[in-house]
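K.L.:
Single-letter residue listing:
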Amino acid sequence: MMIAQIWKWIDDRSGYSDVVKPMLEHIVPSDARWWYVFGSATLCAFIVQVLSGIALAMVYVPGGDAAYESLKYITNDATMGYMVRGMHYYGATAMVMLAVIHMTQVFLHASYKYPREMNWMSGVVLLFVVLGMAFTGQLLRWDANGVWSVMVASEMAGRVPFIGAYIAHFLLGGETVGGSTLSRFFAIHVFILPGLIFAGIGLHMWLILRHGISEMPKVDQPVDPETYKEKYEARLEKTGVPFWPVAMWRDVLFSAAMVAVILFCSLFLGPPTLGPPPDPAYIHANPMPDWYFWWYFAVLSMLPPELETYVILGMPVLGLVILFILPLLSNRGHRVPSKRPWAVGTVIFGATAFVVLTIYGYRKPWSPDFAVKPLPANLVNSNDPHIQKGAQLVHDKGCLYCHNIDGHGGFRGPVLTYIGDRLDRGELVIRITNGGYNMPSFAASLSAEEMQEIVDFLLTRTEPKPVDAK
Amino acid sequence: MSESADSPEASAEDNRRSFLARLSVIVSSVIGAAITLPGIGFVLAPVFKREPGKWQRLGKVDSYDVGKTVSVEFKNASVREWAGVTALTGAWLRRVSQEEFIAFSINCRHLGCPVNWIEDASLFMCPCHGGVYYSDGDVAAGPPPEPLARYQVRVRKGFVEIETSPVPLTTNDQV
Ligand code: FES
Chain A
557 MMIAQIWKWI DDRSGYSDVV KPMLEHIVPS DARWWYVFGS ATLCAFIVQV LSGIALAMVY
617 VPGGDAAYES LKYITNDATM GYMVRGMHYY GATAMVMLAV IHMTQVFLHA SYKYPREMNW
677 MSGVVLLFVV LGMAFTGQLL RWDANGVWSV MVASEMAGRV PFIGAYIAHF LLGGETVGGS
737 TLSRFFAIHV FILPGLIFAG IGLHMWLILR HGISEMPKVD QPVDPETYKE KYEARLEKTG
797 VPFWPVAMWR DVLFSAAMVA VILFCSLFLG PPTLGPPPDP AYIHANPMPD WYFWWYFAVL
857 SMLPPELETY VILGMPVLGL VILFILPLLS NRGHRVPSKR PWAVGTVIFG ATAFVVLTIY
917 GYRKPWSPDF AVKPLPANLV NSNDPHIQKG AQLVHDKGCL YCHNIDGHGG FRGPVLTYIG
977 DRLDRGELVI RITNGGYNMP SFAASLSAEE MQEIVDFLLT RTEPKPVDAK
Chain R
798 MSESADSPEA SAEDNRRSFL ARLSVIVSSV IGAAITLPGI GFVLAPVFKR EPGKWQRLGK
858 VDSYDVGKTV SVEFKNASVR EWAGVTALTG AWLRRVSQEE FIAFSINCRH LGCPVNWIED
918 ASLFMCPCHG GVYYSDGDVA AGPPPEPLAR YQVRVRKGFV EIETSPVPLT TNDQV
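Chains as they are written, first to last, in my numbering: chain A, 557 to 1026; chain R, 798 to 972.
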């Protein structure tokens, strides 16, 4: 009795039955099945981020001198700290991945067409803000890797014509990565970008309520802005179902599975290991961004210098602009993938490029392999001290950093396993002396004797001739 | 209030409304400016401030071997108390002769990664995208568009000194 009265008061004053309930029960197309769960799962991942982020912020110290220590404390000593950090990390991964999958699905089904252009546009902005979160978060880790990534980012920003240096100094909060940079990134990561995300999600959801979620595309239902709304309403009336609870249970199940995966990963894989502390004087750092940016890293290494500035600056801007105006370019016509080969092709091409470049980025074949060991004796396979010396020099002079011999060494330059078959003495000497595209000239750093030893060793690198069985 | 749209009361009321509307917009803008401008100035300040370079002492001259290139660290020009270990900057220092030293920035001219000096090969190599420089800092291979930046170095009273300057952004010509 009492409870009923209290509820009645709350319901009347808050407007739950009048406003909120109808929203939850708005009618959605009944064919909105498992295809549609990615958007809500992205939202759920965001909630994971907010909660784990708030928890972390209660212990984390955003100061250049203490951030690293506080993270070590969170990871190693704080109760459940290990897990909370893990959740924040895998939650970020989930959010980036789900946002991209959600967007791909919307693109494939052309749900961005009339009247949902603005839904798509707000989503594109959200995606870029989420990537900004991922990037700023990496600096907050405040290990050598994070700090160098910011260095690299401000170098990129510094290439903007005219105002580049200003942007870079704004990012850094000064002229160098230091205490002010961290405070700045912290403020951006916990106040500015989350604020934008909240606002963006609000708009995104409001637009969903306003235009309804799209139906699965059908061949006989191309979008015509003149008639679309009436037809959509009419079909909803006939076949639609209330979102709560008839359609929503799938979203809930999928989100639950995703949260389970996040928890599982944070428990069993743990948060990313902290690198060495952020000492800019520590030169053996090997800056690598988080995995979703590896592809971009790979691109950067392959560009000819003349194009580089344009790509570094142009690609993100162009990507944002093209995605943003996409629904303005085509907001009518077919939605089914089978009638839109270009769209399907774009998705396949994009996904393949992403996978290939990511693998390439992970293997880092363009970069010198500093950790390479001298060639083992059985590989050198010679008793001649002259040849052995040559093999040693191939390591010491850094040849192996970039060239590979029988599986030892880097991949930046051509493989030298059978170089003896391909080049003769004169050619080898010329190449080593003069260098060439992407190969330094060793004229100044090799004595005549050393050159001789290296070349003699390289000439022994020939393909084994098949032995006659006679 | 008014019976017909063109009665004198109506137009007086219209005037009053548009005056109030304008007043509110103007005063709101003033409020907006008053609460945002100080913050924006505060946040943008570092963009326009240039720290002057300072000479900083490294080690004794004798602690460096002629012909050797070693890494040195020093406090950078714009230190904040709370920068912690990030107040440090590194450089590659080479003693060329008895009196002559040269110092290279550790930041790759491509995108700023820390270059490594490979003694035996006499090359600086960058771990990020395969940039390589000769011992004089000229580009030997890879994407860097320009030679390694250099710091000013001098010898004073038996000590090597280096002129600190802002982190060498590749676009930053002051280095
Ligand atoms: S930062 Fe050195 S090669 Fe890219």
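Be careful, since some hints might not be right.
[To be verified] The calculated label-pair distances, taken between Cβ atoms and stated as ranges, are:
1) R:D933 <-> A:Y852: 30 to 36 Å
2) R:R819 <-> A:T908: 40 to 46 Å
3) R:G836 <-> A:P860: 17 to 23 Å
4) R:L841 <-> A:P860: 44 to 50 Å
5) R:R819 <-> A:M614: 45 to 51 Å
6) R:E943 <-> A:I719: 19 to 25 Å
7) A:Q777 <-> R:S804: 54 to 60 Å
8) R:L841 <-> A:A755: 53 to 59 Å
[To be verified] Below, in silico cross-link-like pairs of lysine to aspartate or glutamate (EDC-like), each with a Cα-Cα straight-line distance of 16 Å or less:
9) A:K953 <-> R:E848
10) R:K872 <-> A:D621
11) A:K945 <-> A:D1012
12) R:K872 <-> A:D835
13) R:K872 <-> R:E896
14) A:K945 <-> R:E848
15) A:K953 <-> R:D917
16) A:K929 <-> R:D917
Hint data in this document are derived by calculation from the structure and do not stem from the laboratory. Given the structure is predicted, the values throughout are model-derived calculations rather than measurements. Note that CB positions come from ideal geometry on N, CA and C, so glycine has one too.
K.L.:
Work down the list of hints and note, for each, if the structure agrees.
P.N.:
Comparing the hints with the structure gives:
Hint check: D933 of chain R to Y852 of chain A, Cβ distance near 32 Å, so the stated range 30 to 36 Å holds. Range check, R819 of chain R to T908 of chain A: about 58 Å between beta-carbon atoms, so the 40 to 46 Å window is missed. Taking 17 to 23 Å as the suggested C-beta distance range, the pair G836 of chain R and P860 of chain A does not conform, at roughly 43 Å. Under the hint 44 to 50 Å, the C-beta atoms of L841 of chain R and P860 of chain A, about 35 Å apart, miss the expected range.
In this structure, R819 of chain R and M614 of chain A meet the distance hint of 45 to 51 Å, their C-beta atoms being roughly 47 Å apart. A C-beta distance of roughly 20 Å is found between E943 of chain R and I719 of chain A, which places it inside the suggested range of 19 to 25 Å. A hinted range of 54 to 60 Å holds for the C-beta pair Q777 of chain A and S804 of chain R, which are about 55 Å apart. Between L841 of chain R and A755 of chain A the CB atoms are about 23 Å apart, so this pair departs from the stated range of 53 to 59 Å.
For the suggested pair K953 of chain A and E848 of chain R, the alpha carbons sit about 40 Å apart, so the restraint of at most 16 Å is broken. Of the supplied pair hints, the one linking K872 of chain R and D621 of chain A holds, its CA atoms being roughly 14 Å apart against a limit of 16 Å. Among the hinted pairs, K945 of chain A with D1012 of chain A is consistent with the structure: their alpha-carbon atoms are about 10 Å apart, no more than 16 Å. Restraint check for K872 of chain R and D835 of chain A: satisfied, since their Cα atoms lie roughly 11 Å apart, inside the 16 Å limit.
Among the hinted pairs, K872 of chain R with E896 of chain R is inconsistent with the structure: their alpha-carbon atoms are about 23 Å apart, more than 16 Å. This hinted pair does not check out: K945 of chain A and E848 of chain R have alpha carbons roughly 51 Å apart, beyond 16 Å. With a C-alpha separation of about 5 Å, the suggested pairing of K953 of chain A with D917 of chain R holds against the 16 Å cut-off. Under the criterion of a C-alpha separation no larger than 16 Å, the hint pairing K929 of chain A with D917 of chain R is consistent with the structure, at around 14 Å.
Of the numbered hints listed earlier, those contradicted by the structure are 2, 3, 4, 8, 9, 13 and 14.
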